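Protein chains: 2
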Amino acid sequence: MRSFDIVIRNGTILTMDAAGSLITNGIVGIDGESISYIGQENGDLINAKTVIDARKGIIMPGLINGHTHAAMTLFRGLADDLPLMDWLNNYIFPAESRIDSDFVFTGTQLACAEMILSGTTTFCDMYLFEGDAVRACKEAGMRSLMGEVLYDFNSPNYGSPENGLKYTQSLIERWQDDPIISIAVEPHSLFTCSPDLLVAANELSLRHQVPLIIHLAETEDESRHVEKMYGKSPVKHLDELGILSHNLIACHCVHVNTEEINLLRDKGVSVIHNPESNMKLASGIAPVHEMILSGVKVGLGTDGCASNNDLDLFSEMDMTAKLHKIKAMDPTVMDALTVLKMATIEGAKALGMDKLTGSLETGKKADIIVIDVNKPHLTPMYNPYSHLVYAARGSDVTHSIINGRLVMDGRKLLTIDLEMLLQKARLMSKKIKA
Amino acid sequence: MRSFDIVIRNGTILTMDAAGSLITNGIVGIDGESISYIGQENGDLINAKTVIDARKGIIMPGLINGHTHAAMTLFRGLADDLPLMDWLNNYIFPAESRIDSDFVFTGTQLACAEMILSGTTTFCDMYLFEGDAVRACKEAGMRSLMGEVLYDFNSPNYGSPENGLKYTQSLIERWQDDPIISIAVEPHSLFTCSPDLLVAANELSLRHQVPLIIHLAETEDESRHVEKMYGKSPVKHLDELGILSHNLIACHCVHVNTEEINLLRDKGVSVIHNPESNMKLASGIAPVHEMILSGVKVGLGTDGCASNNDLDLFSEMDMTAKLHKIKAMDPTVMDALTVLKMATIEGAKALGMDKLTGSLETGKKADIIVIDVNKPHLTPMYNPYSHLVYAARGSDVTHSIINGRLVMDGRKLLTIDLEMLLQKARLMSKKIKA
Numbered sequence: 290m291r292s293f294d295i296v297i298r299n300g301t302i303l304t305m306d307a308a309g310s311l312i313t314n315g316i317v318g319i320d321g322e323s324i325s326y327i328g329q330e331n332g333d334l335i336n337a338k339t340v341i342d343a344r345k346g347i348i349m350p351g352l353i354n355g356h357t358h359a360a361m362t363l364f365r366g367l368a369d370d371l372p373l374m375d376w377l378n379n380y381i382f383p384a385e386s387r388i389d390s391d392f393v394f395t396g397t398q399l400a401c402a403e404m405i406l407s408g409t410t411t412f413c414d415m416y417l418f419e420g421d422a423v424r425a426c427k428e429a430g431m432r433s434l435m436g437e438v439l440y441d442f443n444s445p446n447y448g449s450p451e452n453g454l455k456y457t458q459s460l461i462e463r464w465q466d467d468p469i470i471s472i473a474v475e476p477h478s479l480f481t482c483s484p485d486l487l488v489a490a491n492e493l494s495l496r497h498q499v500p501l502i503i504h505l506a507e508t509e510d511e512s513r514h515v516e517k518m519y520g521k522s523p524v525k526h527l528d529e530l531g532i533l534s535h536n537l538i539a540c541h542c543v544h545v546n547t548e549e550i551n552l553l554r555d556k557g558v559s560v561i562h563n564p565e566s567n568m569k570l571a572s573g574i575a576p577v578h579e580m581i582l583s584g585v586k587v588g589l590g591t592d593g594c595a596s597n598n599d600l601d602l603f604s605e606m607d608m609t610a611k612l613h614k615i616k617a618m619d620p621t622v623m624d625a626l627t628v629l630k631m632a633t634i635e636g637a638k639a640l641g642m643d644k645l646t647g648s649l650e651t652g653k654k655a656d657i658i659v660i661d662v663n664k665p666h667l668t669p670m671y672n673p674y675s676h677l678v679y680a681a682r683g684s685d686v687t688h689s690i691i692n693g694r695l696v697m698d699g700r701k702l703l704t705i706d707l708e709m710l711l712q713k714a715r716l717m718s719k720k721i722k723a
Numbered sequence: 290m291r292s293f294d295i296v297i298r299n300g301t302i303l304t305m306d307a308a309g310s311l312i313t314n315g316i317v318g319i320d321g322e323s324i325s326y327i328g329q330e331n332g333d334l335i336n337a338k339t340v341i342d343a344r345k346g347i348i349m350p351g352l353i354n355g356h357t358h359a360a361m362t363l364f365r366g367l368a369d370d371l372p373l374m375d376w377l378n379n380y381i382f383p384a385e386s387r388i389d390s391d392f393v394f395t396g397t398q399l400a401c402a403e404m405i406l407s408g409t410t411t412f413c414d415m416y417l418f419e420g421d422a423v424r425a426c427k428e429a430g431m432r433s434l435m436g437e438v439l440y441d442f443n444s445p446n447y448g449s450p451e452n453g454l455k456y457t458q459s460l461i462e463r464w465q466d467d468p469i470i471s472i473a474v475e476p477h478s479l480f481t482c483s484p485d486l487l488v489a490a491n492e493l494s495l496r497h498q499v500p501l502i503i504h505l506a507e508t509e510d511e512s513r514h515v516e517k518m519y520g521k522s523p524v525k526h527l528d529e530l531g532i533l534s535h536n537l538i539a540c541h542c543v544h545v546n547t548e549e550i551n552l553l554r555d556k557g558v559s560v561i562h563n564p565e566s567n568m569k570l571a572s573g574i575a576p577v578h579e580m581i582l583s584g585v586k587v588g589l590g591t592d593g594c595a596s597n598n599d600l601d602l603f604s605e606m607d608m609t610a611k612l613h614k615i616k617a618m619d620p621t622v623m624d625a626l627t628v629l630k631m632a633t634i635e636g637a638k639a640l641g642m643d644k645l646t647g648s649l650e651t652g653k654k655a656d657i658i659v660i661d662v663n664k665p666h667l668t669p670m671y672n673p674y675s676h677l678v679y680a681a682r683g684s685d686v687t688h689s690i691i692n693g694r695l696v697m698d699g700r701k702l703l704t705i706d707l708e709m710l711l712q713k714a715r716l717m718s719k720k721i722k723a
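Chains G and W, in that order, give the protein sequences. Using this note's numbering, the first residue of the first sequence is number 290, and each one after it goes up by one. Using this note's numbering, the first residue of the second sequence is number 290, and each one after it goes up by one.
These are calculated hints, taken from the structure and not from any lab test. Given the structure is predicted, the values throughout are model-derived calculations rather than measurements. Do not rely on the hints blindly, as some may be mistaken.
Since the list can't tell identical chains apart, any single copy or any two copies may satisfy a pair.
[What the hints assert, rightly or not] Lysine-lysine pairs mimicking DSS-like chemistry, simulated, CA-CA at most 30 Å apart:
id: 1; residue 1: K345; residue 2: K664
id: 2; residue 1: K455; residue 2: K556
id: 3; residue 1: K525; residue 2: K719
id: 4; residue 1: K616; residue 2: K720
id: 5; residue 1: K664; residue 2: K722
id: 6; residue 1: K525; residue 2: K338
id: 7; residue 1: K517; residue 2: K713
Let the hints inform the model, and build the full structure from the sequences given.
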């Protein structure tokens, strides 16, 4: 007889480990925060406080959303299909000027609800009032890497850039030993942050050994601006400032050439690819296939809900595989397994969290989802990797465990009062639109 | 007091009519097969055998899938990420050589289940053993335009091409007065059909006044082949054969130039765009924005499940909007409303069915779906069009009515025994993979 806190059984386990192990009729045992057993069911008696029946579905690591602005869920659909500057200046920036702690808490909680319901267990966030975003994540029980956005102008949260660095430092100190929350230093971008602010942010991140996260080479406009200001491309500008390192997570990297890709690889920079946002805003197509071939660590992100407009990594995976095939005019590039890795173990590596999460291995934290395949669009199942990328949707996820805690059971959220949250979001939207 | 067979109330009605009418707190009344009332709830007493509460969600026309090979649901995930010819010759064609009536019935029923569950109420099909596909659609209660695939070689169903035309004619005669089934004549493509077969198929379609449906200009290989055989592009070749007309529905049209787009418009040819399939097979990006500007009727399709791999038109709409923005490097092209029209009223026009379906108007057949927006990814709702294209998924559809018949109620299929169907599909997959 074996005993566990939680057991998941009767499913195909996609471990996403280095060997690519797939276990049919598998069983996963969890004790406390961690995975204590993975194997094939062998008839041994099993005792567990909680038993989850995967109903011949898929048991796999929870997905990792490498880049978002969670609270922007409250702006979803506020403005679409507009030229970038019209969208930003006439809709997003005015709406953001009215936000506060309560907005960020509620918007982030809404994002956590959507992410858990669609199979994401870890995400990386950048926004304002991030202390309140952290509060929402702690309540929801989501693993997250979070940071206050820093820029040269005054913030409605912390005021001056200097205060922004202090605010970030206080977040780092407050959450340094938390089992699910990590803090990063997050200067917004090269066109909103002076070299001094970038260097100060980098120093803060190195001093505390936390990641530095930035938007990089997202649009042609950004490249033109940086070239004009500093006589260099965005990547080269960061390199000259001494900021390219293993510590850096660069979101987007749409406009980078081969030399810059090699530089990112050599310096150990991680890249987060956000295909749906890049398509919707017509920013361009990041050379992700080339980056992966070159050896750059690449994770997958949704970006914020104002430019996607959802946080469903299943549709993001589908889009990723198809976008890069059509870009290369080659159906063999970015196969299903490669893309699924970006949303799991490679995403964990990109965020520096692969010791904790991203694959199912004994000793790792238990961040696990179960996919119901007893549905017309997932029956029959010849190849689970193909199904996950090309046919499954977030709504097929039935159970989610984060850091050993069951947060969704049969699609019911256990850490969030959904009715109350939706009601609050509806009320808040009236102020936003006003 | 007003009486109806079915009433849907308490939702925002997107009529998709020519005026773009949107009715808040709306009510739709259905009598028999047709819509008998649309308006705002005004406190009048209403009496109905069936009352559907939309719970402040969206009430809209059912979606129209303009091109699929329904029974290929049974091949979903059998082979992916392969070069086109390897995929076709080593996986799809061998698998298809083993199919029979029972396969097509079951595969089509599986497709109907998936389509109803994801909001599609009308689809256009091309496959083998199409009489059995029709049987599955009739049972499921789906509106469909169906035809047996015709080509120069022998078919496992009907044998010779001459018999294929006879088989098609018998289908036309059998189903000519059916309220939900229509039959088309469906030669496969220009590289599998001789000019004689194409002309004979066109004559058959004109004689019976039913649509002629073909794959056209899908790949560069096809263009090269047709150019080599006939010294002309695919579109010009069909024009020379006298086949371009209001009667023709051309699927794909990826490789067409401006002159050919204008020719398609002038001849009244309809085009069905299948972006996910074209991306996954790396066929190319159809110039759909240009086609729509030029005045071509363009509908949206998923293509078969071997090359997509799902039948969810919500993700297809999302992909369409984003793909054409990135192609044009312009976020304003293919806005949400334009794309939603392709999947509703414009799709109906493309299939020649806009007198029946594609919008909610009194007198039209009642093909209606209800979308639940009481979910994190659809709350708050500033703009229902944006939500439908950029955030909703097929799983958000709760109710479906086709031709006045309730076929899904609170996500429960009423016309298909789902458990039995999935079990049958699983058993069948073992023979397919063997």
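Checked hints:
1. K345 x K664: both (12 Å within a copy, 27 Å between copies)
2. K455 x K556: within (28 Å within a copy, 68 Å between copies)
3. K525 x K719: This pair counts as neither: shortest intra-copy Cα distance 44 Å, inter-copy 55 Å.
4. K616 x K720: Neither: 41 Å inside a copy, 36 Å across copies.
5. K664 x K722: between (39 Å within a copy, 20 Å between copies)
6. K525 x K338: neither (55 Å within a copy, 70 Å between copies)
7. K517 x K713: neither (45 Å within a copy, 64 Å between copies)
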